[in-house]
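Student: From just these sequences and the hints, can you work out the full model?
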Amino acid sequence: MQHNGPSPAVRRLLDSFSPRLAVEEARTPPALWYIDPEFFAWECYRLLCTWQPAARLSCLEKPGAYVAGRWLNLPYVVVRDEKGTLRALANVCRHHAAEVAVGTGCAAELVCPYHGWSYHLHGGLKRAPGLGRATGFRVEEHALPPLHVECWGPWAWIHGGTPERSLREALQPLYRRLAGMEFESLTHVARREYELACNWKVFVDNYLDGGYHVASVHAGLAGGLDLSQYRSEIHERFSIQSCPAAAEHTPSGVEFAERLEGTACYAWIYPTFMINRYGPVMDTNWVVPLPVNRTRVVFDYFFAASHAADAAFVERSLAASHVVQVEDTAVCESVQRGLASGCYQQGPYAAAEAPMFAFHRLLWAELRGQSGA
Numbered sequence: 001m002q003h004n005g006p007s008p009a010v011r012r013l014l015d016s017f018s019p020r021l022a023v024e025e026a027r028t029p030p031a032l033w034y035i036d037p038e039f040f041a042w043e044c045y046r047l048l049c050t051w052q053p054a055a056r057l058s059c060l061e062k063p064g065a066y067v068a069g070r071w072l073n074l075p076y077v078v079v080r081d082e083k084g085t086l087r088a089l090a091n092v093c094r095h096h097a098a099e100v101a102v103g104t105g106c107a108a109e110l111v112c113p114y115h116g117w118s119y120h121l122h123g124g125l126k127r128a129p130g131l132g133r134a135t136g137f138r139v140e141e142h143a144l145p146p147l148h149v150e151c152w153g154p155w156a157w158i159h160g161g162t163p164e165r166s167l168r169e170a171l172q173p174l175y176r177r178l179a180g181m182e183f184e185s186l187t188h189v190a191r192r193e194y195e196l197a198c199n200w201k202v203f204v205d206n207y208l209d210g211g212y213h214v215a216s217v218h219a220g221l222a223g224g225l226d227l228s229q230y231r232s233e234i235h236e237r238f239s240i241q242s243c244p245a246a247a248e249h250t251p252s253g254v255e256f257a258e259r260l261e262g263t264a265c266y267a268w269i270y271p272t273f274m275i276n277r278y279g280p281v282m283d284t285n286w287v288v289p290l291p292v293n294r295t296r297v298v299f300d301y302f303f304a305a306s307h308a309a310d311a312a313f314v315e316r317s318l319a320a321s322h323v324v325q326v327e328d329t330a331v332c333e334s335v336q337r338g339l340a341s342g343c344y345q346q347g348p349y350a351a352a353e354a355p356m357f358a359f360h361r362l363l364w365a366e367l368r369g370q371s372g373a
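If you're matching positions, the sequence shown starts at 1 in the numbering used here and goes up one per residue.
If you are wondering where the hints come from, they were derived from the structure by calculation, not from laboratory data. Small disclaimer: the values here were computed from a predicted structure and weren't measured. Where a beta carbon is used, it is the ideal one built from N, C-alpha and C, also for glycine.
Restraint-style ranges between C-beta atoms, simulated for each label pair:
| # | residue 1 | residue 2 | range |
| --- | --- | --- | --- |
| 1 | V139 | D15 | 43 to 53 Å |
| 2 | H122 | T162 | 16 to 26 Å |
| 3 | P8 | S166 | 31 to 41 Å |
| 4 | H95 | Q229 | 50 to 60 Å |
| 5 | H148 | H95 | 17 to 27 Å |
| 6 | V326 | A305 | 26 to 36 Å |
| 7 | V139 | A305 | 43 to 53 Å |
| 8 | E164 | N73 | 20 to 30 Å |
| 9 | N73 | G116 | 18 to 28 Å |
| 10 | G105 | V298 | 16 to 26 Å |
| 11 | L21 | E333 | 22 to 32 Å |
| 12 | Y114 | A304 | 40 to 50 Å |
| 13 | G124 | T104 | 14 to 24 Å |
| 14 | N73 | A304 | 31 to 41 Å |
Tutor: Laid out in structure tokens, this is it:
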């Protein structure tokens, strides 16, 4: 589907945000950015053409290995072909549009479960059983459409459009920072998913408030951090927040301190991915918009080899993370109710919320068609 640009109504909402002011002078986006279905539909159209972490490379090591998923309305499959080349394909059968691959697995070909059409691992049509002599049918015109795919860190990333530059180029400074924290050598241990009754941007905003909410919302986590040393760095397509562990932590019902040795690093990649590296642990958060007022957040947990086999430590770590997510869910859903109340339009930014303002500026440019994604 082709668009000439945002509708007049969406453009008016974009014009109500001023991205060129200093953070101390700026106002947040209006509430309708978070509750209006037409604005959300335009967002989804534009966000299809952004880099997204579609699969972990550890799931795609052998020829024939594949991971199927969905980003917004785009079903995809990432697959390692017979020659070892990593490919990403639109996971939509060229017969009657059923999704071809399901979940994860390893196969010599991709077979649609609806009518049995099969595809080579490079996406070309292999067989169309029972089709007969369809007039004008050409096998070469019925391949699964390719998507742009790139490896960065321990993930395979996909892009639903034509990227203006590589992900590796855009994130090179972040890669150098995380490489020093051995983020590619950790062991994946668990996945958890949370569904929140809020717009996807509410969750991202909360993450990017420069630690402003931590003391109020996360008492247990705050007890293990020296919040006076919380710092934020803003880059072109990502930001980094960091905070050292407290010299003496405040005890809580859940033990946070054993996970927080050294300095915690919270990296956000525009628009929807977070990498949280602390002590022997890394967790990642992939924010997936659902309807305008609901969001799924996929958490993956990685541990250093020295701790991955320690079942008790892993369980304590997952429990501590769950406490934080429950606390964040409560506040994000409260914000969404306030945004939908009709009693709020726009508010100020605190100085600490510069990363959030940077996100809003990037999204504003994206939605106006000025992005460099």
